[in-house]
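K.L.:
Knowing the structure of chain G, use the given hints to seat chains X, R and S on it.
Protein chains: 4
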Amino acid sequence: MGTMKLAGVFAPVPTPFDEQHRLDTVRFRGALARWMATPLTGIVVLGSSGEAALVDEEESERTIAAAREGIASGRTLIAGTGRESTRATVHASRRAAELGADAVLVRTPSFFKQQMTPDALVSHYTAVADGSPVPVLLYSFAALTGVTLAPATVARRARHPNIIGMKESGGDVGHIGEIVSSVPPGFQLLAGSGSSFYPSLCVGVSGGILAVACVLPEACCRIFNLVRAGQHDQARALQQEILAVARLLGTRYGVPGLKAALRIIGCDVGVPRPPLPALEEKGVSTLKDALSRFIEAAA
Amino acid sequence: MGTMKLAGVFAPVPTPFDEQHRLDTVRFRGALARWMATPLTGIVVLGSSGEAALVDEEESERTIAAAREGIASGRTLIAGTGRESTRATVHASRRAAELGADAVLVRTPSFFKQQMTPDALVSHYTAVADGSPVPVLLYSFAALTGVTLAPATVARRARHPNIIGMKESGGDVGHIGEIVSSVPPGFQLLAGSGSSFYPSLCVGVSGGILAVACVLPEACCRIFNLVRAGQHDQARALQQEILAVARLLGTRYGVPGLKAALRIIGCDVGVPRPPLPALEEKGVSTLKDALSRFIEAAA
Amino acid sequence: MGTMKLAGVFAPVPTPFDEQHRLDTVRFRGALARWMATPLTGIVVLGSSGEAALVDEEESERTIAAAREGIASGRTLIAGTGRESTRATVHASRRAAELGADAVLVRTPSFFKQQMTPDALVSHYTAVADGSPVPVLLYSFAALTGVTLAPATVARRARHPNIIGMKESGGDVGHIGEIVSSVPPGFQLLAGSGSSFYPSLCVGVSGGILAVACVLPEACCRIFNLVRAGQHDQARALQQEILAVARLLGTRYGVPGLKAALRIIGCDVGVPRPPLPALEEKGVSTLKDALSRFIEAAA
Amino acid sequence: MGTMKLAGVFAPVPTPFDEQHRLDTVRFRGALARWMATPLTGIVVLGSSGEAALVDEEESERTIAAAREGIASGRTLIAGTGRESTRATVHASRRAAELGADAVLVRTPSFFKQQMTPDALVSHYTAVADGSPVPVLLYSFAALTGVTLAPATVARRARHPNIIGMKESGGDVGHIGEIVSSVPPGFQLLAGSGSSFYPSLCVGVSGGILAVACVLPEACCRIFNLVRAGQHDQARALQQEILAVARLLGTRYGVPGLKAALRIIGCDVGVPRPPLPALEEKGVSTLKDALSRFIEAAA
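Chains as they are written, first to last, in the numbering used here: chain G, 13 to 311; chain X, 13 to 311; chain R, 13 to 311; chain S, 13 to 311.
No lab work stands behind these hints: they were computed from the structure. Just to be clear, a hint being listed does not mean it is correct.
Once the Cα atoms are required to be at most 27 Å apart in a straight line, the calculated DSS-like pairs of lysine-lysine come out as [claimed, not checked]:
| # | chain 1 | residue 1 | chain 2 | residue 2 |
| --- | --- | --- | --- | --- |
| 1 | G | K300 | X | K300 |
| 2 | X | K17 | G | K125 |
| 3 | R | K125 | S | K17 |
| 4 | R | K300 | S | K294 |
| 5 | S | K294 | X | K125 |
| 6 | G | K125 | R | K300 |
| 7 | G | K125 | X | K125 |
| 8 | G | K294 | R | K125 |
| 9 | G | K294 | X | K294 |
| 10 | S | K294 | R | K125 |
A few chain R positions that, by computed beta-carbon distances, are all more than 12 Å from chain S [unchecked claim]:
| # | residue |
| --- | --- |
| 11 | D131 |
| 12 | N237 |
| 13 | E253 |
Now the in silico label distances, taken between C-beta atoms and shown as ranges [what the hints assert, rightly or not]:
| # | chain 1 | residue 1 | chain 2 | residue 2 | range |
| --- | --- | --- | --- | --- | --- |
| 14 | G | P173 | X | A249 | 51 to 61 Å |
| 15 | G | R264 | R | S85 | 25 to 35 Å |
| 16 | G | G198 | X | R106 | 42 to 52 Å |
| 17 | G | G198 | S | I307 | 22 to 32 Å |
| 18 | G | E31 | R | S304 | 40 to 50 Å |
| 19 | G | E110 | X | S135 | 51 to 61 Å |
| 20 | X | A249 | G | A154 | 36 to 46 Å |
| 21 | S | A311 | G | P173 | 31 to 41 Å |
| 22 | S | S193 | G | Q243 | 16 to 26 Å |
| 23 | X | A249 | R | Q246 | 17 to 27 Å |
The beta-carbon is built from N, C-alpha and C at its ideal position, and this holds for glycine as well.
Chain G on its own, in the form it takes in the complex (with noise of 0.2 Å):
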């Protein structure tokens, strides 16, 4: 039985809600249509751009059953599944299984930050590997969560028959690249940092799980394209064309500044949950500005 392969560029995207906040699937259909008439390799939901932490377990399975119905059975579905307890962490992780997911992604608990250590991590995630259907990626986010998944503990885990790879949302390339040569050759390491794709890629991730890829799919997928074929000074140079944009999704404007951006070219996912807000009038023309010297530059 081979591996699942995750070489590419996946979308983690957005939750649509309406403007009453409710789950909105309709709406959530067309946009995944739209993403189907792109070259992503799959697509994230429930990921932390998909408001995972703002939605109910009902409402989570909903959404699941959602994506799995309108991704074609070619593309690969990840489920976010993580929760603060293993427990739920576990039983979330079988329910996305049962509602198609193909493998789910387990971002590290966080809430008790100073007792997650290289221990209670490596009990966490081998209790969820043990207990998940389809396959586990581990999925690091220390600027949101406060809590570091060291190279060294990943290693620990990544020979887990069940656990296949990891998303590194840093933009630590050094610190990516030592865990690359910290892993078995199999163990597949996906970056969450768009605006360092192109040097992750260098430095031998098998693909990236991307914000500005919900916004800007063409383009990632072509960065990776280009160095798979070793074209280097294009992947380059299209690397600093999305990075104005990739920079502005990633660090400043978050899930609102992701629908906004979603928005602007024609995609409508409705609004962030309170209490997220939605983004700013000032926010929605810089995004705009950025989006539209993206399109210069391409022209």
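P.N.:
Chains X, R and S only, in chain G's frame:
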């Protein structure tokens, strides 16, 4: 109609789990009976040290119901109902009220730290206070959440008729004094740091919600009463006596420490729920030493 | 031979520069005369708010000499002599002693933060205390330096015969209480945060080195005397009155704020030395407002 | 007049001290001769790893003079001249130029972090560039200083005729790419993190100032040349080979590690100056292992 009085000491009690990590309401009732035999003003369930992040909605409700049964009518029951989304927080606050909570304690949302601007927090707390049938306490715990409730933000919400106070968990007593001076007279600020309870009382908090009060309730209440009586020298001396235990429970050992300390003094509330580990042996003996020294000093 | 007493309030005075950013000893003498007319216990020169980081060795010596001339014999002169290297710190402490300093205040080295282990700090302070002809005060200012002097590290050096005390600049009063409880009785701890001076006195500091005492020396001394006399209610009220000014000088405006505040009250100590900018107009008017409100409250 | 070219690899060499912690120019010349036998483009003296913070002005001058004597004319000598005050930085830059430095590297002032606004930094660097007889390099090392030189701030100064480039010590390669895209074409950015040298070259830096280049100069130069030649696979493999050594020298062991590593390979530059401790035995053997593995991989 008068405002609910929050003067005194509250214990933010742990949620007992059995060896299979299931909610254990039998152990809970036993522990509550013990706290009811002390001069504590009230009980907080499902706060940070109640492992609220690790229980699901149904368990939350059973915990509040069990607490209401076990708490004498003269004492105040406060339930932690903070969730990441505004709508879930409102819903949890309504359920808590129905189950008998006298007030709710609402932690700042924190997953999307960078978007938790003063305006976003004001909107969130307004919606929660408007929707909650019982009074609301703001709750800031920046060391865990990375989100600060600035004095100016507190002041903007302190006159809402259904927001009666706030728990501030940090130990920066100058900051606490600044909040005291920013809010109207009736607004009740509660200290959350046991190691600075006495100096917090000095600058004007009306009481405390202190993890150390689960273990040493009498001493905490005596500090409160000594300050009321103007007996500062004795209050300071007693604060020094509880300091080592308070520090260990606060920053170093967290929930695993609190559950271990309770076990040491004969109050079995089980073990933490994974991924929270049980306190390792070295920590247990450090705690035993600190508790022994407290008992000697008090003798 | 008795230990030098450090009880009371010290002003960590700014170093005056003229419009060409040269050391201005004329302005300095004028300002010192003004402070000598107040009940301050002593003066600290070349502390953090003395812009020690911006003056060279020759200017440091002239500053200490000018201070010694301008300070009446009954008052204590403390000179900041912390340098990054141990040898330079010893040398500066010797020169300070020769020039009349009664004691030296030695900030933790901090450039190589990660190497400043407890052992490295203990070795550094031992060498400095062995080499200094006058008593040494430890000095921790973690918010600026990123280096913490843990209570256990302080305790390891608190019995050195030439280390008589410590300045702790942080506002975590629980931490201050922990240091108090870790050191032998004669060791004198001084608070460095004006916004938590009263609660710091409550937990046992022997006095304070407070930027706000440069501007409001009488009020700070009165807080000290009120606590000595057990008049806590008045002390708390007075602390509240100085709070806004203390906060602005402490964390928000720093040295530019201190020099601006002194100018507002008619004490001209010139402008900060570049790269430190002068306080911008908006800050000056915020400071004016806070000072006006203090005067009204005191009236 | 052409701009000085900074393409290639620079070694930021340690400053040798003898057993009495005195500047040891004899050892320095021996070490320089060794580096001159490698393909390094140039040498940086008195950078962070040159313990600049621990030497006085007279020693700084002797270090620069000794370096100038020991460095062949075809190689570039860069001297670190950043001081906390603008005037001292200008003075040190002039002296460095007189003593033969080809350019100066000017770290951001950092003691008064909160006041180091973009405007303050722009004023500082303008004054330094106006006053320095030789070209100036900006230098950002946020992990040590707590001060960030944002791309927009760099861009504001990148057209000053006497500012020819910048060293960025952080490992966030997306951030490095953003600086590259913010500055005019001639502005030369140098990477400061050896563990992300290869991906930094990918995004467009013109070279590196790398602590690991003191120990493994040939390997670092080869990575540079491989990228120039478009041989990315070999560059990536070589980066992986130096990674462990680079990480140890960078974040974990700092200057004590650098001096220990040089001793291990037979280049004696003495011990660090206190308060910097020598590397403890455990660290030495970890370094030995990493160096042995590098040699094996290279063989």
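K.L.:
State for each hint whether it applies.
P.N.:
Do the hints match the structure? See the list:
1. With a C-alpha separation of about 61 Å, the suggested pairing of G/K300 with X/K300 is violated against the 27 Å cut-off.
2. Taking the CA atoms of X/K17 and G/K125, the gap is about 33 Å. The hint is violated against a cut of 27 Å.
3. For the given pair, R/K125 sits about 33 Å from S/K17 by alpha-carbon distance, which is inconsistent with the 27 Å threshold.
4. Restraint check: the Cα-Cα separation between R/K300 and S/K294 comes to about 57 Å, which exceeds 27 Å; the hinted pair is violated.
5. Pair hint S/K294 plus X/K125 does not hold up; C-alpha atoms about 39 Å apart against a cutoff of 27 Å.
6. Taking the CA atoms of G/K125 and R/K300, the gap is near 42 Å; set against the 27 Å cutoff, the hint is violated.
7. Between G/K125 and X/K125 the alpha-carbon distance is near 15 Å, which keeps this suggested pair within the 27 Å criterion.
8. With a C-alpha separation of about 39 Å, the suggested pair G/K294 and R/K125 falls outside the 27 Å cut-off, and the hint is violated.
9. Restraint check for G/K294 and X/K294: not satisfied, since their Cα atoms lie roughly 54 Å apart, outside the 27 Å limit.
10. With a CA separation close to 20 Å, the supplied pair S/K294 and R/K125 stays within the 27 Å bound.
11. A cut-off of 12 Å between C-beta atoms contradicts the statement that R/D131 is not in contact with chain S; the least separation is 7 Å.
12. Every CB of chain S is more than 12 Å from the CB of R/N237 (nearest about 32 Å), matching its label as outside the interface.
13. Every C-beta of chain S lies more than 12 Å from that of R/E253, the closest at about 25 Å, which supports listing it as non-interface.
14. Restraint check, G/P173 to X/A249: a C-beta distance of roughly 59 Å satisfies the suggested window 51 to 61 Å.
15. Here the CB-CB span from G/R264 to R/S85 is close to 59 Å, at odds with the stated 25 to 35 Å.
16. With their beta carbons about 50 Å apart, G/G198 and X/R106 fall inside the hinted range of 42 to 52 Å.
17. At about 28 Å, the beta-carbon gap between G/G198 and S/I307 stays in the expected band of 22 to 32 Å.
18. The hinted range of 40 to 50 Å is satisfied by G/E31 and R/S304, whose Cβ atoms lie roughly 48 Å apart.
19. The beta-carbon spacing between G/E110 and X/S135, approximately 37 Å, falls outside the hinted interval of 51 to 61 Å.
20. At about 42 Å, the CB distance of X/A249 to G/A154 agrees with the hint of 36 to 46 Å.
21. Checked against the hint of 31 to 41 Å, the pair S/A311 and G/P173 passes, with Cβ atoms roughly 34 Å apart.
22. Between S/S193 and G/Q243 the Cβ separation comes to about 19 Å, which falls inside the hinted range of 16 to 26 Å.
23. Between X/A249 and R/Q246 the beta carbons are some 22 Å apart, a value that agrees with the proposed interval 17 to 27 Å.
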